[in-house]
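Could you put the whole structure together from the sequences, leaning on the hints where they help?
Residue numbering for the sequence shown follows this note's numbering, starting at 1 and increasing by one per position.
By construction, these hints were calculated from the structure, which means they are not laboratory data.
There may be inaccurate statements among the hints.
Using 27 Å as the maximum straight-line C-alpha spacing, the simulated DSSO-like pairs for lysine-lysine come out as follows [stated by the list, open to error]:
no.: 1; residue 1: Lys4; residue 2: Lys47
no.: 2; residue 1: Lys400; residue 2: Lys294
no.: 3; residue 1: Lys349; residue 2: Lys360
Ranges of calculated distance between the beta carbons of each label pair, as one might list FRET restraints [said to hold, decoys possible]:
no.: 4; residue 1: Ala259; residue 2: Leu213; range: 17 to 23 Å
no.: 5; residue 1: Met173; residue 2: Leu213; range: 26 to 32 Å
no.: 6; residue 1: Ala194; residue 2: Ala270; range: 25 to 31 Å
no.: 7; residue 1: Glu196; residue 2: Ile32; range: 38 to 44 Å
no.: 8; residue 1: Gln269; residue 2: Leu213; range: 32 to 38 Å
no.: 9; residue 1: Lys341; residue 2: Glu267; range: 24 to 30 Å
no.: 10; residue 1: Thr174; residue 2: Glu46; range: 46 to 52 Å
In this text, a Cβ means the ideal position worked out from N, Cα and C, and glycines have one as well.
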Amino acid sequence: MFQKTLRKLTVLNSIVFLLIFIVFGGMLYGYIARQLFDDIDESMEEKVEAFRLVNGRPRLGGAQTPLFDSRILIFLQDVEGNVINPYPFPIEGISSEILTSLADGGSQWQTRKIQDHAYRLRTFPYSNQDNVLIKDRKEYRIKELLGVSIVDFEVTMLHRFLLVIVTGQIIGMTAIILAGYFLARRALVPIQAAWEKQYQFVADASHELRTPLTVIKSNAELLLRYPEHTIELETIRIRNVIRETIRMSKLVSTLLTLARADADEIEIQAVPVILNEVIQNVVEQFEPLVQMQKMKLKVDCSELISLVADKERLQQLFVILMDNAIKYTSEFGCISISCRKQSSQVVIKVIDTGIGIESKDLPYVFNRFFRADKVRTREKGGVGLGLAIAQWIVEKHCGKIWIKSEIGMGTEVYVSLPIEKS
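Written out as structure tokens, the structure reads:
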């Protein structure tokens, strides 16, 4: 599936970049062509506007520039369609045949290739009252002026520039395709990672749900096998069904929380909160369990700390951390909670003397359904979602959470939260 998507993205990226490249090359070519001919066109228009016939002779009215300009030539066309050279000498490179070919130039700028030369030309109407040219003892009544310029150099330069653009685009096509492939692969990396994560998530969730469902089904079948038994005789099986139902209910509720968190449907209700009160409430919840397992619980939060946060989510965070600490700490162990202000942050530490986590597992402890010791974790009722929710809560509060641990030496969980909401 991803290979097919990769090919499609590569083609799409290549087409887009190629079109941009072609459009840019066309615009650049058009701009250069315009710049090359603009000066010539402007000079031709100025010379045509200044042209006059005075007593049958051509003049540039009041202009200091001589009539003859090697760059720009002006020819006359009479009412009968004849093209006349007004200069007293023939123009090299422009024969009478070429003049006849240029006569139908029209009133729009044109660039024509005639014989071995390129010509820039345009006709202009001549409306001056004195419109008679006398040449070779003949009179010609002038109707139009024909502006002509030989633009061999400009056309050659444009052809070379076009060749450079086309060559560059042909060479660039390879680079564009490679770039399109590279960008497509880069774009697919997070998508593929999300897909694999989602696939793993569904597989793990299905596995975790399958266990309680199997237990419920097997116990229910055993109940049906002995319909004459009383509730008292089947207490163990009923207890198993209830226990697994509660476990499955918690799992579904946790999955729903994570799904809503991923969809950004859960909003943080940030209000001023006294952190010491939140921690104290959580500690009071777990004190009976701590006493039953003969553990020591130390709380060092003497400094009054107030921050802007969601009180319920903070309580959920500390419940998860305390639950993990107690779950993986053996009898007569020790758990300590401390909080300190550090600049604009508050740092909370939850330290236990439990079994610890191997260094190879530390990078994955916040992954959903990850459990370092799956057998022991399942026995203790864990599914590997607690720390994933804890990380989400901390990140929603613009904080950080990290863990330090050594196998057999206990675990230290650090939470850093901003005192003021950012």
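Hint by hint, here is what the structure shows:
With a C-alpha separation of about 64 Å, the suggested pair Lys4 and Lys47 falls outside the 27 Å cut-off, and the hint is violated. Taking the CA atoms of Lys400 and Lys294, the gap is near 32 Å; set against the 27 Å cutoff, the hint is violated. Of the supplied pair hints, the one linking Lys349 and Lys360 holds, its CA atoms being roughly 22 Å apart against a limit of 27 Å. One distance hint, 17 to 23 Å for the beta-carbon pair Ala259 and Leu213, holds here, with the actual separation near 20 Å.
Evaluation of the 26 to 32 Å hint for Met173 and Leu213 yields a failure: the beta carbon distance comes to about 57 Å. Distance hint check: the CB atoms of Ala194 and Ala270 are about 28 Å apart, consistent with the given range 25 to 31 Å. The given range of 38 to 44 Å is broken by Glu196 and Ile32, whose C-beta atoms sit roughly 51 Å from each other. In this structure the supplied range 32 to 38 Å holds for Gln269 paired with Leu213, their Cβ-Cβ distance being about 35 Å.
Checked against the given bound of 24 to 30 Å, the beta carbons of Lys341 and Glu267, roughly 27 Å apart, stay inside it. With their beta carbons about 48 Å apart, Thr174 and Glu46 fall inside the hinted range of 46 to 52 Å.
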